[in-house]
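Participant: Under the working numbering, read the sequence shown as residues 1396 to 1871, first letter to last.
Treat the hints loosely; a few may be bogus.
Restraint ranges, calculated between C-beta atoms of paired labels, are given here [what the hints assert, rightly or not]:
{"no.": "1", "residue 1": "Glu1577", "residue 2": "Asp1710", "range": "32 to 42 Å"}
{"no.": "2", "residue 1": "Gln1748", "residue 2": "Gln1625", "range": "35 to 45 Å"}
{"no.": "3", "residue 1": "Gln1630", "residue 2": "Val1432", "range": "52 to 62 Å"}
{"no.": "4", "residue 1": "Gln1658", "residue 2": "Gln1608", "range": "29 to 39 Å"}
{"no.": "5", "residue 1": "His1443", "residue 2": "Arg1774", "range": "17 to 27 Å"}
{"no.": "6", "residue 1": "Ala1548", "residue 2": "Ala1711", "range": "24 to 34 Å"}
For lysine-lysine, the following DSS-like pairs were computed, each having C-alpha atoms within a straight-line distance of at most 27 Å [stated by the list, open to error]:
{"no.": "7", "residue 1": "Lys1438", "residue 2": "Lys1459"}
{"no.": "8", "residue 1": "Lys1755", "residue 2": "Lys1471"}
{"no.": "9", "residue 1": "Lys1849", "residue 2": "Lys1411"}
{"no.": "10", "residue 1": "Lys1849", "residue 2": "Lys1400"}
Bear in mind the hints are in silico, worked out from the structure with no lab data behind them.
C-beta atoms are modelled at their ideal positions from N, C-alpha and C, and glycine is treated no differently.
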Amino acid sequence: MSAPKFCPHYPAPVAKRPPWWKMFFSKQHSWLDGLYVRSYAMKMGEVHLPGLDLYMVNDPGLVKRVLVDEADAFPKSDLLAKALRPLLGDSIFTTHGEQWRQQRVLMEPAFEGARIRHVYGHMVAAADAMVTRLNAIIDGDNTGPSSVVNIEAEMTHVAADIILRTILSQPLAAGDATQVFEAFSRYQALAPKMVMPALFGLRWWRPWRGRAQSHAAAREIRGLLVKLIQPRYEQAQMLAKEASRPSDLLGYLLAARDPASGQGFSFDALVDQVAMLFLAGHETTASALSWSLHLMSQVPEVQQRMHDEAALLLDAALANPAELRALTLCRNVFKETLRLFPPVGFLARQSRQACAMRDKALPEDSTVVVSPWLIQRHRAYWARPDEFDPDRYDANDEASGPAAQDSVRRAYLPFGLGPRVCIGAAFALQEASLILATVAKHFELRPVEGRHPKPVGRLTIRSDNGVWLELCKRGA
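Work out the full structure, taking the sequences as your base and the hints as a guide.
Facilitator: Given below as structure tokens:
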């Protein structure tokens, strides 16, 4: 029997289902506070709120039905789309049906493996800039070869930098890009106020001040994106007949054409998609990277193995993205982090018509929720569900065995499933392997006494007050 492994802190589920108003009026507005013991063991549950019927689906067979087999019968819910539409417009995140399918056809080629490899140099440049920034923080502290840092802020910076470099070939340090990042931060801070009333069926609740502030931030962001995108768009229109290989993701989106109609993205649609890529691409990855580094700091043995792996293999991977596959442990640490702290903790769908699930009759327009947070910690699907064990993804690991691989196949969905699976999943795995290996090679991470992060569930699962770690230079 293997020794117990580290169990990261998460909000302890209460014995009985808490009243709905407790989460609505809580300071954190965290949906994790609404979970109770049975949430982690049930196959299906239901909550009836004022004006909203909500059904939680944890059974893998039902999850497959909702997200894969009958995806058209369970389109994406408007709960989040309404809050994000002022910023993201009619992007691939907020649309469904034929409009969504046409957008997906145009966007998928930009995220094919060969094209992700083509923008890999931008990722490497952002990783190098991160190392320079972190070394500067330590050197500026004047307290020795280490410094206490909010690693969540640093991961937000590098993730945003990677997204802007790969989309627009522009580093975050540039003035316009910095303004976009700051405006996104303001918008995300206001988003829970927009979502919570709808989540609880309180459609009469109108947080006017928050709405005005969020709309102002959205206008600022879109105005800045227009400024960044418009010259490239106009140049592409002028050079439409000249074939050249794009240098970034925006170039691929500008060149994309619908195979049936021959049409590409309009300018407004292009702004919608770039806004979506920035928000989804940097917020979710920053969350997962922050939790990964927190977990590394808590398990020195795993951290040392990652350092040894990176010291041996990272140089080759910097020169050739295909070599990232050799960074097995770094990738598995990220995969295990996605299991324990999935950035998107719930996926909301809407039933087009009345239907039956198990012993429950769902009315038309019911909200069906698939929660990666619950499914990936479910007591029936995972051995030691709350333990951090990156080796459970190693088919040759004796302690994990075939049962762990079956769990990964049946009950692991950090990127979603089915036709709406995250379009940037391969991009995120490549980016995360690079960043974690880079940090592991150059730095040692240690926990800070008394500063243990508590996960808060809003649009993404973030820490309540940052992820604070002691960052030490290797070899210093």
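Participant: State for each hint whether it applies.
Facilitator: Hints and how they fare:
Separation of Glu1577 from Asp1710 is about 35 Å and conforms to the stated range, judged on CB atoms against 32 to 42 Å. In this structure, Gln1748 and Gln1625 meet the distance hint of 35 to 45 Å, their C-beta atoms being roughly 43 Å apart. A hinted range of 52 to 62 Å for the beta carbons of Gln1630 and Val1432 is consistent with their spacing of about 58 Å. A beta carbon spacing of about 36 Å between Gln1658 and Gln1608 agrees with the range 29 to 39 Å that was offered as a hint.
Here the CB-CB span from His1443 to Arg1774 is close to 25 Å, well matched to the stated 17 to 27 Å. Judged by the Cβ atoms, the range 24 to 34 Å given for Ala1548 and Ala1711 holds: they are separated by roughly 30 Å. With a CA separation close to 13 Å, the supplied pair Lys1438 and Lys1459 stays within the 27 Å bound. A C-alpha spacing of about 21 Å is found between Lys1755 and Lys1471, which places the hinted pair at or below 27 Å, so the restraint holds.
Distance check on the hinted pair: Lys1849 and Lys1411 sit about 21 Å apart at the alpha-carbon level, within 27 Å; holds. Taken as a hint, the Lys1849 and Lys1400 pair is honoured in the structure, with Cα atoms around 19 Å apart against an allowance of 27 Å.
Comparing the model with each numbered hint stated earlier shows that all of them hold.
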